[in-house]
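There are 2 protein chains.
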Amino acid sequence: MGRWVLKTLPLFEPIREELQVVEETLHLAAHGEHERLGEILNYLLDSGGKRIRPALVILASKFHDHDAARVLPLAAAVEMLHTATLVHDDLVDGSLLRRGSPTLNVDLGAGAIILVGDYLFAWAADLAAATESVPVVDIFAKTLMTICRGEITHAFDRDGWRRTKEDYYHSTYSKTASLFAASAQSGALLSGAPDATVQALREYGCKLGMAFQIVDDILDFVGDEDVVGKPIGGDLRQGTVTLPLLLFLEEHPQTDLLRAIFEQQDDREEKTRALAHMVRSSPAIAAAREEAQRFTIESKQAIEDLSRNPYRQVMLDLADFLLERRR
Amino acid sequence: MGRWVLKTLPLFEPIREELQVVEETLHLAAHGEHERLGEILNYLLDSGGKRIRPALVILASKFHDHDAARVLPLAAAVEMLHTATLVHDDLVDGSLLRRGSPTLNVDLGAGAIILVGDYLFAWAADLAAATESVPVVDIFAKTLMTICRGEITHAFDRDGWRRTKEDYYHSTYSKTASLFAASAQSGALLSGAPDATVQALREYGCKLGMAFQIVDDILDFVGDEDVVGKPIGGDLRQGTVTLPLLLFLEEHPQTDLLRAIFEQQDDREEKTRALAHMVRSSPAIAAAREEAQRFTIESKQAIEDLSRNPYRQVMLDLADFLLERRR
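These protein sequence lines map, in sequence, to chains A and B. Residues 16 to 342 in our numbering are what the first sequence lists, from first letter to last. Residues 16 to 342 in our numbering are what the second sequence lists, from first letter to last.
Think of the hints as simulated: they come from the structure by calculation, not from any bench. Heads up, the beta-carbon is just placed ideally off N, CA and C, and yes, glycines get one too. Careful: at least some of the hints might be erroneous.
Stated by the list, open to error - What the simulated footprint calls covered on chain A by chain B, stretch by stretch (three residues with Cβ under 8 Å from a Cβ of chain B suffice, anywhere in the stretch; the number is not a length):
| hint | region |
| --- | --- |
| 1 | 153 to 165 |
| 2 | 179 to 190 |
| 3 | 268 to 274 |
What the hints assert, rightly or not - Listed below are the simulated BS3-like cross-link pairs for lysine-lysine, each with C-alpha atoms no more than 30 Å apart in a straight line:
| hint | chain 1 | residue 1 | chain 2 | residue 2 |
| --- | --- | --- | --- | --- |
| 4 | B | K190 | B | K286 |
| 5 | B | K157 | A | K190 |
| 6 | A | K65 | B | K157 |
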């Protein structure tokens, strides 16, 4: 144990040991596999994020008696599922950079990437089954359906420039908040918490996920490329209209730049940059941040009545941290 | 109910009503979805096969008290999983024809196909969870891992022309027999059958799947293109070395055609055709058929001691039918 470096957040210190076990579980997936597959799995898992979703599972299990033997496989399962969706997303949107690491597209063929993603899905399902909880497996499967349905709606959407705020919130739930919500809900369920606690924790996860994604979408406009690890205006370039742009368009309904970008007119790249810069220096950024703040406050309110243990404090701090982060 | 035409085998008559319910369940997946997604799902499910895997689930559940409310979702789940793997396979190997229907590659982008496949996986997992049986969900997840691992090993294998018979059997198990085995095993488990019965039915499914795939591989060389619905020698063209070719090479170790084909030398298509025709008119075909027959006999032997109900007879007839089929 302890061979894999955990690159998580300092505020997760109270659950560090458990996250380390999750880390080992994730990397066990790579162990004993076909050599090249093992390398790829380790690479994917290692270039991964801050393990926020596994942390949500663990934190949410701390409000009642819990059985770590069932909680930790679930924590690994949600991260594995998340990684699988990222692998296929990168392929679908053709993005070459994510989290600052070269993605698999660069040196593997598309066929191999599809299969590696499928393998991660299968492994995630196997870990979810290790919870021995049918309701948790059910939540897990339904969340994957929600995520896929959101991606598909986006992929089939040929009028992306007509996107409304309602569409945006819907897609943000599917893409990000649904898994945050499911992580917290399942962790609570496995601990045997009463319904009200399970619902409160689910609500916390859901609102946290909404805030998280909005901040992500803001950083896509205002972030420092070197810090964020991907090019500015990338969402727009890939045809995804996010909240800052929608708020900008509310104030500037006359602009036809967006439609021009979507209709693949000449100078698409130039127009994309121009629009991204207009958004970046507009009040839409502050307005979007207010929305993120609203969700952050709601996430904290959701767990107001839970017992005041150190884990609840971590959850409150996490909400503030995710709102304030710069990458 | 009854809106979807069931194109199954006449010998499944004793379980026709149950297969019809499975058919409706499968198509329910498409109902209420994003319009274009619904069309695609219906198309995929409707251009589907003979529902052999769902039939195995149902038949295997007939040797003990069974609860149809749990058996039928599982039957739908295995077909959905099978369909999902076909969707991604078509994308991975770039094959344009499968089962005689134009595949999705033709009019959907690769990105959309990946997502549709993922969605089918998610739906399959949700149906598996509806069995409310943790052991069944576990078998389901592990089988998907086996299938993916097999595909990945194949995709990463750059020395395909060195393939041995052992490699072939291993891959045939991963690709086909594992899901046949899991279908029969899970059906038996859900019926509450004793261990010995569960194992016998799993063994039946496994051997049946081996025979099924070998016959498939023989038909790839000897079938009538119009009947089989795909071009002759297709496996070889895609770089897959199957049993008839392996048996041919045992008798003709001096031929260097195979290596030439794999090393992408000139006249690849001409050489592929030439080798396919040599195999087709060689005794290797009869030798491969003997292997398929051996597995068929073993599959029937596996269920020899089970109670002599009409469903056992269907299973025996199915084994003979799959061996003798011409497509």
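Against the structure, the hints come out as follows:
1. A count of 9 residues in the region 153 to 165 of chain A with a Cβ less than 8 Å from any Cβ of chain B is obtained; the coverage claim is therefore met, three being the minimum.
2. Proximity of the region 179 to 190 of chain A to chain B, defined as three or more residues with a beta carbon under 8 Å from a beta carbon of that chain, is not established by the 0 residues found.
3. Counting residues of the region 268 to 274 of chain A whose CB lies closer than 8 Å to any CB of chain B gives 0, which falls below the minimum of 3, so the coverage claim is violated.
4. Restraint check for B/K190 and B/K286: satisfied, since their Cα atoms lie roughly 27 Å apart, inside the 30 Å limit.
5. Simply put, B/K157 and A/K190 have alpha-carbon atoms about 26 Å apart, close enough for the 30 Å limit, and the pair holds.
6. A threshold of 30 Å between alpha carbons decides the hint, and for A/K65 with B/K157 the separation of about 28 Å falls inside it, so the pair holds.
Figure legend: structure checked against the earlier numbered hints; hints not met, in rising order: 2, 3.
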